[in-house]
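In case you want the letters, here they are:
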Amino acid sequence: MDVIVCVKQIPDPETPAAAFKVDEGAMQVLPAQGISPVISPFDAQAVEAALRIKDASGDGTVNVVSLGPDSARDAIKHSLAMGADEGYHLKDDAFEGGDAWTTALALSKAIRHLGVPDVLIFGRQAADWDQGTVGSIVAELLDLPSATVLRAVELNGDSITVSRVVADGFENIELPTPCVLTISNEFGDPRYPQLRQIMQAARKQVTELTAADLGLAASEVGAAGSRVQMHALFQPTSDVEVEIIEGDTPEEKASGLVNALREAKIL
Amino acid sequence: MTKAAVTSDSDKRRTGTTSTGKRVSALAIPAWLPLGGILLVSGAETVRVTGAHRELFFNIDHFWVLYMLLPFVIGIIIYGLIRRSRVWRLGRPIISGQLSRDSLRSAFDDLPVRLGRLVKGGGGTERVLRDPYSGVMHLCIMTSMIVLFLVTALLAIDDYIPVDILVGPRYLGYSLVADIFGLVGIIGVAMAVAHRWVRPRTAWLPTWEDWLILGGLGMLLITGFIVEGLRIHTSEIDVHPEWSYWSPVGYVVALIFSGVKVSAALDIHTTFWWIHMIGALSWITLLGYSKLNHLVLAPANAFLKRTSAPGKLDMIENIEEQEHFGVAQLEHFSMKQLFELDVCVRCGRCTDNCPADIAGQPLSPMHIIQDLKSYATAVGERKVANLVQGNDLNFGLDDETPMVGGVVRDESLWACRTCGACVEACPVFIEHVPTIVDMRRSLVMEEARMPDTVQGTLETLERQGHPWRGTPYTRESWMEGIEDQVPDWTGEQDYLYFVGCTGAFVDRAQEITRSVVSLLRAADVSFGVIKGMESCNGDPARRLGHEYLYQILAEGLIELFNETGVNDEQKTVITHCPHCFNTFLNEYPDMGAKFQVIHHTQLLEQLVDAGRLVPSHDGPEQTITYHDSCYLGRHNDIFEAPRRILEQVPNVTLIEMPRNREQGLCCGAGGGNMWMEEQGKSRVNEVRVEEAVATGAESACTACPFCIQMFDSGIGTVQLDVEDEDKLKVLDVAELLQAAAVADGE
Amino acid sequence: MASILVIGETDDAGLTAPTLELLGAASRLSADLGGGVALALIGSGLADAAAAAGPAGADSVYTADADSLASYQTDSYLPVAQGIVERDSPSVVLMSQSSMGRDLAPRLATRLGSAAIMDSLGLEVDGDRIKATRSCYGGNARQVVTVQTDPQVITVRPKSQDPLEADSSRSAEVISVDVAEPTLRARTTGKEQAEADGIRLEDAEIVVSGGRGLGGPEAFSDLERLAGVLTAAVGSSRAACDLGWYPPSQQVGLTGTVVSPTLYVAIAISGASQHMAGCGGSKNIVAINKDPDAPIFSFSRFGIVDDYKKVLPALESAFAEALD
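Chains as they are written, first to last, in the working numbering: chain A, 1 to 267; chain B, 1001 to 1746; chain C, 2001 to 2324.
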């Protein structure tokens, strides 16, 4: 079973709040000192899902595609270290400033370029913009069935059985191949790369593809091709002043809280 | 980097003289007692005993059979040891110290230290004596065996040389000494048997070996007395009764046999003589086939034990070119590591002192060594056979239980705090910690199999350069409001204060960092801080088994130190974290570090001694117990500097927990367990907090930011129902000293 | 033709609360934008829900009513939604950031030649565009974005908008849409209920939530008892779910359920941004934590600094007494 996983390199979502800074003028998140960008955690889980599919099917390949600047290479290398076979880096100045649409457009072209695999896997959302649309857009552009926000993926002969996280539980969905899946955090932790694989991944060539390689004009991608425009990026301020309920005993504190909630007409 | 961490204690380990000096050298006793006894008696003028002697091989024909058997016995022993050594030789040819010194020669580095250990630790059983019961027991058996061997040898020598030495008073003194030490031996054996019945320890499992060795030895001693008694009965008691008083035990035995006719007694004597002699020769062959081999192997292991600091782990050089990482198979161990499996006598001291075992967690160092020993016997022998037959080393072994994960369980490896209590306690000088970390290395680097919390810690180290996943702080958070009081490192100052990750990212530890800065300023120390640019020195990665990540982090930090002029023999790095301290001092030289290292307690002690810090502010009267950090104390021998600081703070009374200094109990955080979820009956920190609370002290002082956190969290549980103001307070030495030596507002 | 088309959802009780909120938002936006508000309902047995559309703010309601549409499936809903949008040609399509909305919106937008903005917290009209404010970077930042193409597809976080007061004097024209037999590629074969029962997290007025600081799964039964007293739902931080202490379906956070109840009681939760992204919209947060420096207090209205083990029993009886 051949799988392609699309991954993204993002600022570490575990960056402490105190180190998280936004340049409001440039509408950019400033890199935090000493904190390296990482593969989006959901994407690492997507790679894990892909590797498990490959293992279960007994043959096939897991290839990784990422669109982004030079640093995106690290997300690809991380995926290779986890066990993916080949990496493809969509890298072009023309891609800069793009949105989910232009990203998905370039990815779908790249996937066609590489050959549509049996399964295409994404993280449920990139943990920077938290939109969660690229997988679905690619599915639409490639006219493939899709299932999103999955906690489990199982190979079932030629079809794929998945468990989708919904509001009140889980839905079991059966998909034919080829199809598009997006993986949620409930899927479980991705594997930690073995050192040998990290070293092999470091030596492995990553194929770079430009907009022209994919038959895309500069006007179709990046900021020029975007359909969503950002007007502002800022950090929310919390103006709540907490009132600590004091008391000598837990009982006093508890009744103090209940009274306070009553006075504030919350209860 | 020279070992410039300059208090007197830190030097002790390097010269191999860790003894407190109060213990009597055990070696002296067997040497002096017999000689003294003989001299005493030979000087006794009043006793008319001229001509007293006895006949060698009295009543024995064909005694030459013994001499014929002797080479066989020696051969059997040597065969046993050589057979066993083929398993040891499966290991890599590295005995001790650096892996890069790929030869057996490293076993002879620091020869004086090693010889000293051989004599004191091996021959003198220095560590055995720490436990009085088992010390006395060993002393009894050991002196008895040595004396009786000498006695037997002397008798033979006397017979074959033209001059008669053992005549008259000398003979009688000789007889007395032999009898006394025979009795001493029986007492020792009885103690050993009782030990197994009456005082069994949890870790402690007597097996057939124990009973064979002890039963055999007991039988030898008893048959020896029977033979002697019958000789006296048949040849001495009637002729020279005054001689026989000098063999008191034999005399009593002779009295017991007094009713037996002489002709019958002579027959019995012959039978027992042969039982005794053949028994002795058989028993001694156990040297090659049972744990009796510790008579030979323990001193050898004392000699072979590494001479570097015990807290130092071996570096994997050229890590990118290795075929395997860490130890997953017997042959990945060094020869020394395989050898020492056979040295283990299952005494259980390591497990009795292991913090994980004490807390009911799934780790027993003794069982790790013993399980590996069984595995080395079963699987190692088959690997040897494969080699002999020219097969692949692992031919036919695919279905064997894996060594790591099967024979030794993952959770045991993860429960290790690398605190070194087992290594410190081991009377036969086994080094458990490097063996455990070697297997962790395989789990992490080879198999990437580890608890989620370990994975999270390693990922945070990789990405953020510190192990404190989820911290809300930055490297500079601790400076908020006092930026202008913290001098930037310019390369001109004498000392770099390396704050470290815990000092920066953990709020409780930030307070220690600020105290240290305040003290350094008050004492006018020329120091600076590399603000915001520090990264982890790699210690957590290394202890968790990720040697590669350690090397990457260490290379990065050394590069920073090179760029900023820190890596210079004239510069000294201050750390308040014993883990940073140990890594910088003992492990960074391998990475090219040249700078000096000092722990804040060492520097603060110097500053107090020099009068640059005067602890003059009276605090409240308080009793403080000092908790030794493993990486400061046991691993680096810094026990006294922090205590001497505390003693100079006014109104402080220092009291000790029962487990202190070399025997101090880990707080539970070592070996990366700071970031792991503990599994087992209780938590190590709670056990240690209970010990601290039991002293009645109002405060516990320590000198490690991990210990402080572990204490704080342990107190929350142990003293859940205690009013806050009555709870044990936990302070770093620096915080206490700051309160006493720095005026408010400074 | 309406300026705003709301693709609503129904349950046994009719229009869901988020649908009513969307209609409220659409009414307010359409006042500035011009044009009307249409509601699209896709499902089966929609008559009652369609009747409620007018009072809730819709001018017209499209119903695609067929047994084959009884539950959401991408392949069956997508062409129907596409048909309604193309027929109505609104400039804005609003959906809830629900299981359906997050799956349907991006595919629908793409099929319509446009793009989607997901999980908006605030909406305002700017010319013919809707400026949407949304949370990003795990709740650490907010961005304001517009879709530059038409229709502007936007999903809205539940509880971020207020519904209108129901006005029974209003009614909406019901337009029935023909439904072709769908071609299903991905097929829903079954459904599992989440293990935890009781009040649904996203519906609850009060949520009692526990984190890693609870120290173990047992403590959640104490939380459930307190929730019983308060008629609240029980939530859990991601850390506690990841440790297997509570079912993942009860996870509150960026990657779990996003809740905005009137009262959110955070017990032994430190308040990591990942978690706050899921509960930051709560009207009132009460934190119980033994660490006075826990970040959760900076988001809270009231706080108790103490060990939850001591406070919880007292709190349970105090609430029981107060609500009796």
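To be clear, the hints were calculated from the coordinates, so they are not data collected in a lab.
Treat the hints with caution; some may be incorrect.
What the hints assert, rightly or not - Straight-line Cα separation of at most 27 Å, DSS-like style, residue types lysine-lysine; simulated pairs: (1) Lys1681(B) x Lys1727(B); (2) Lys265(A) x Lys2131(C); (3) Lys1571(B) x Lys1594(B); (4) Lys21(A) x Lys2309(C); (5) Lys2159(C) x Lys265(A); (6) Lys2283(C) x Lys2131(C); (7) Lys1594(B) x Lys1531(B); (8) Lys2159(C) x Lys2131(C); (9) Lys2131(C) x Lys1727(B); (10) Lys1681(B) x Lys2309(C); (11) Lys1571(B) x Lys1312(B); (12) Lys1531(B) x Lys1571(B); (13) Lys2159(C) x Lys2283(C); (14) Lys1727(B) x Lys2290(C); (15) Lys2290(C) x Lys2309(C); (16) Lys2191(C) x Lys1681(B); (17) Lys204(A) x Lys91(A); (18) Lys1261(B) x Lys1312(B); (19) Lys2309(C) x Lys1729(B); (20) Lys2290(C) x Lys1681(B); (21) Lys1727(B) x Lys21(A); (22) Lys2310(C) x Lys1727(B); (23) Lys2310(C) x Lys2290(C); (24) Lys2283(C) x Lys265(A); (25) Lys2290(C) x Lys1729(B); (26) Lys1312(B) x Lys1594(B); (27) Lys1729(B) x Lys2310(C); (28) Lys2191(C) x Lys2159(C); (29) Lys1681(B) x Lys1729(B); (30) Lys2309(C) x Lys2283(C).
#### Entry: Hint check, failures only
Hints 2, 4, 9, 16, 18, 21 contradicted; others consistent.
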